[in-house]
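Trainee: Protein chains in written order, with my numbering: chain A, 3 to 320; chain B, 109 to 635.
Read the hints as simulated data drawn from the structure, not as lab findings.
Think of the CB as a built atom: it goes at the ideal place given N, C-alpha and C, for glycine as much as any other residue.
Please note that the accuracy of each hint is not assured.
Computed list of lysine-lysine pairs in DSS-like fashion (alpha-carbon distance at most 25 Å, straight line) [as the list claims (entries may be wrong)]: (1) B:303 x A:89; (2) A:185 x B:610; (3) B:303 x A:58; (4) B:502 x B:427; (5) B:610 x B:154; (6) B:271 x B:217; (7) B:264 x B:217; (8) B:300 x A:89; (9) A:58 x B:261; (10) B:264 x B:203.
Just so you have them, the derived chain A footprint on chain B, three or more residues with Cβ under 8 Å [what the hints assert, rightly or not]: (11) 233-242; (12) 246-253; (13) 316-329.
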Amino acid sequence: MSQILKMVAQRFALGFLTLFIVSLIIFLGIELLPGDIAEEILGQSATPETVAAFRKELGLDVPAHIRYFDWLWGMLQGDMGRSLANKREISELIGLRFGNTLFLAVTAAAISVPLALTLGVLAALYRHSFYDRAVNVVTLSSISFPEFFVAYILIFLVSVTFPIFPSIANISDATPFWDKVYKVLLPALTLTLVVVAHMMRMTRAAIINLLASPYIEMANLKGLSRARVIVKHALPNALAPIINVVVINLAYLIVGVVVVEVVFVYPGLGQLMVDSVSKRDLPVVQASAMIFAGTYVLLNLLADILSILTNPRLLHPR
Amino acid sequence: MKSDNKLSSAMNTDVSRRGFLGGTAALGVTAASTSALMGKKAYAAKKGGHLRAGIAHGSTTDSLDPATYENGFSLALDYTLFNHLGEVDHTGTVKPELAESWEASPDAKTWSFKLRQGVEFHNGKTLEASDVIASIEYHMGEDTKSAAKSLLKQVKSMKADGKNEVVIELEAGNADFPYVISDYHIAIKPAKDGKIDPTEGIGTGPYALENYEPGVRLMANKNKNYFKSDRGHFDQVELITIIDLAARQNALTTGEIDMMDRADLKTVHLLKRQKGINVMETVGYKHYTMPMRTDTAPFDSNDLRLALKYSLDREELVKKILRGHGVVGNDHPISPTNQYHAEGLAQRMYDPDKAKFHFKKAGMEGTTIQLSAADAAFPGAVDAAVLYKEHAAKAGIDIEVVREPNDGYWSNVWMKKGWCACYWGGRPTEDWMFTTAYAAGADWNDTFWKHDRFNELLLAARAELDSDKRRTMYYEMQEIVSNDGGVVVPMFANYVFAATDKILPSEQMAGNWELDGSKFAERWSFA
Chain A
3 MSQILKMVAQ
13 RFALGFLTLF
23 IVSLIIFLGI
33 ELLPGDIAEE
43 ILGQSATPET
53 VAAFRKELGL
63 DVPAHIRYFD
73 WLWGMLQGDM
83 GRSLANKREI
93 SELIGLRFGN
103 TLFLAVTAAA
113 ISVPLALTLG
123 VLAALYRHSF
133 YDRAVNVVTL
143 SSISFPEFFV
153 AYILIFLVSV
163 TFPIFPSIAN
173 ISDATPFWDK
183 VYKVLLPALT
193 LTLVVVAHMM
203 RMTRAAIINL
213 LASPYIEMAN
223 LKGLSRARVI
233 VKHALPNALA
243 PIINVVVINL
253 AYLIVGVVVV
263 EVVFVYPGLG
273 QLMVDSVSKR
283 DLPVVQASAM
293 IFAGTYVLLN
303 LLADILSILT
313 NPRLLHPR
Chain B
109 MKSDNKLSSA
119 MNTDVSRRGF
129 LGGTAALGVT
139 AASTSALMGK
149 KAYAAKKGGH
159 LRAGIAHGST
169 TDSLDPATYE
179 NGFSLALDYT
189 LFNHLGEVDH
199 TGTVKPELAE
209 SWEASPDAKT
219 WSFKLRQGVE
229 FHNGKTLEAS
239 DVIASIEYHM
249 GEDTKSAAKS
259 LLKQVKSMKA
269 DGKNEVVIEL
279 EAGNADFPYV
289 ISDYHIAIKP
299 AKDGKIDPTE
309 GIGTGPYALE
319 NYEPGVRLMA
329 NKNKNYFKSD
339 RGHFDQVELI
349 TIIDLAARQN
359 ALTTGEIDMM
369 DRADLKTVHL
379 LKRQKGINVM
389 ETVGYKHYTM
399 PMRTDTAPFD
409 SNDLRLALKY
419 SLDREELVKK
429 ILRGHGVVGN
439 DHPISPTNQY
449 HAEGLAQRMY
459 DPDKAKFHFK
469 KAGMEGTTIQ
479 LSAADAAFPG
489 AVDAAVLYKE
499 HAAKAGIDIE
509 VVREPNDGYW
519 SNVWMKKGWC
529 ACYWGGRPTE
539 DWMFTTAYAA
549 GADWNDTFWK
559 HDRFNELLLA
569 ARAELDSDKR
579 RTMYYEMQEI
589 VSNDGGVVVP
599 MFANYVFAAT
609 DKILPSEQMA
619 GNWELDGSKF
629 AERWSFA
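Build the full structure now, drawing on both the sequences and the hints.
Mentor: In structure tokens:
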């Protein structure tokens, strides 16, 4: 167990270093983009005078490195600062959006993970059968289409032709829970179609890989049923790679869904970040980037811990 | 990310900002051409209901601050929550709103505005002259970042005459001042110790703010004490940001929203065929332009400018870029629906021979002219530039289309490159439009054009209260811009928007902005 604690501590230290580097890259990147927030917001009405007045009000007349360290110092104390564009507390601004993003991700994961694992195990069980081929063709096709295309097709089918689901996921804090679930079901289904193939194929491959092992042969010789061999004997040993793929897809569901957010008008974090980048609202971009990067760091850590826990050889190294 | 169509359309906020800031209220003589959809039944507004409007703009970075209003969502928000001293009606005339009446001195230098009495803000405070003065002052002075700053530079002093009258003295006479002071930025907010709180949502408007999530939605409830008893029919208004075009149209056809702005011109004929959907169109003041920098070679030669003006087939641009939803321009910024539009001025035609003649006279034969374009300038700008190149080729003029990035287009290309694509929403009055973008030394004189006679006329016409004299002067100015100015104006674009048949729009819609002057929340109702 101490092995794991040591690894967690190491990972956290590395994670912080990663976040620091990410923040530096984002900051420099935004600084390099043409124009700043004063110019972007004032747009055509920007005159040298109004831009200067706006910059002064926002504190943008201070040199870049000082602004960066101010931001860093605030961040270390847990203060994400305020949005330059509308002066709102970033924690409040992001809190709501991140909640929405997580809600969509969790809904999508709740559908896609069990579905992918079941399909994968069944595909391994009935290898080379018609079912195996069909499920491969369908999932690979759905992953090959761009997300917005899948989304539009779904909208066309189940909200325009057969009006079952709403075409936009118009939710707010006041929306009751089940109503919310109903409204995000279509975006969640879109995401499911996009991520299921990856997880399903990995489950299938990992299990099939093990089927040639001596202990599986042993199990077969004992006369166990194929289903039992796969679920009880092969699956536990195939968990490590499966967990890694599942976690990568979970991270994707959180950080990579901006297109789906746009198509379904879903108020998530992705749209917030895109808006903020286009307006050069640096503190908001930084905070969103920290959350996205943090999500990857944490989920990867989780994947590693779970892989170790499922593998006695890694759990008790000699 | 840029290559992804879905995403780049979502991020194309430059377009919207531009279209929005470029335009303002409209002074037109024609009633906006609404469709004949209300023709059959008698017009009767129904009270109540929850309106859901899908708006093509709105960004997380928006705020309630009127100084930085920047897109169609801010505009709808403004007219839902706030009032101004005057409002523009369907004939394009400015009518008193929070003011009861106004009067000018004979030299048009001193304006006194009598305020309507007994108007209450959403928080119960009664409107007074001090609120009006504080609301205007917020956009003035050294430290303001307001887009209305340059508009209000002409104000010399303001003072309250009693509680219900504001007297404004100008540096020089301006016959159009009521239009200027009714600009959408100058929303009237309650003052506290002589200052307004710009980020607060309290106004006098038809609806009171309930909840605003920038870039997502605005919810507002009926203001029961609204001073216009025959306006503001809905119980609740919900403005929803739906930037994605397909999402917006799907939401409308599946009944998720009741109305939307900016219909897709490419598919609007299909939308029209949908049952229960009314597509509406108003003639706008918005025009697409291609400004040349007349202060730099080779565009300092008027022969070259004329050559380029003659080498464009405007009809084809209207047909292909606007799909017929617009009218051809005549190389000046005054729309056919403006009050003093020069009707007698001959329409500039596509004439390769004349173009060739002027091109030769300018001594430019064999050279290549660069035209910078990006879709940030206006939707289809790059295509328009390519069509231009084809038309000019017939006159022996070689145009090289330079495709610029959308990002930063307004800071790095517009007013920087010699010749580029651009667009203006138009201004309510001739004076306003010319002063903003054609007067010598103006901040946004994007052609860097300086014409003595034009500038002389501009000053004379501004202070002139006699309409006939003004007309003569504005006609001459349009002619000068058309024949000497540095701008190619290929077309004026219409506003095209849609609603379900459950919505009853105004009998005659204002054309100063999209969606009935953006006052749909106040003026429309359920049928």
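Trainee: Residue 58 of chain A and residue 261 of chain B: Cα distance at most 25 Å?
Mentor: holds (21 Å)
Trainee: Are the Cα atoms of residue 300 of chain B and residue 89 of chain A separated by 25 Å or less?
Mentor: holds (20 Å)
Trainee: Would you check the hint for residue 502 of chain B and residue 427 of chain B, treating anything up to 25 Å between C-alpha atoms as holding?
Mentor: Between residue 502 of chain B and residue 427 of chain B the Cα gap is close to 19 Å, so the pair holds against 25 Å.
Trainee: Does the structure keep residue 271 of chain B and residue 217 of chain B at a Cα separation of 25 Å or less?
Mentor: Holds, at roughly 22 Å.
Trainee: Apply the coverage criterion to the segment 233-242 of chain B and chain A: a residue qualifies when its Cβ sits closer than 8 Å to a Cβ of the chain, and three qualifying residues are needed.
Mentor: Check failed, 0 qualifying residues.
Trainee: So if I understand the rule, the pair passes when the alpha-carbon distance is 25 Å or less; does residue 264 of chain B with residue 203 of chain B pass?
Mentor: holds (24 Å)
Trainee: Between the alpha carbons of residue 303 of chain B and residue 89 of chain A, is the straight-line distance 25 Å or under?
Mentor: holds (19 Å)
Trainee: Decide if the proposed pair is consistent with the structure: residue 303 of chain B and residue 58 of chain A, CA atoms, cutoff 25 Å inclusive.
Mentor: Holds. Residue 303 of chain B to residue 58 of chain A sits at ~20 Å (cutoff 25 Å).
Trainee: Are 3 or more residues of the segment 246-253 of chain B near chain A, judged by a Cβ distance of less than 8 Å?
Mentor: holds (count 4)
Trainee: What's the verdict on residue 610 of chain B and residue 154 of chain B, does the C-alpha distance respect the 25 Å limit or exceed it?
Mentor: Cα-Cα ~11 Å, so holds.
Trainee: Does residue 185 of chain A pair with residue 610 of chain B here, judged by a C-alpha cut-off of 25 Å?
Mentor: Holds, at roughly 24 Å.
Trainee: Need the status of pair residue 264 of chain B, residue 217 of chain B: alpha-carbon distance at most 25 Å?
Mentor: holds (10 Å)
In this structure, only the earlier hint numbered 11 is contradicted, and the remaining ones agree with it.
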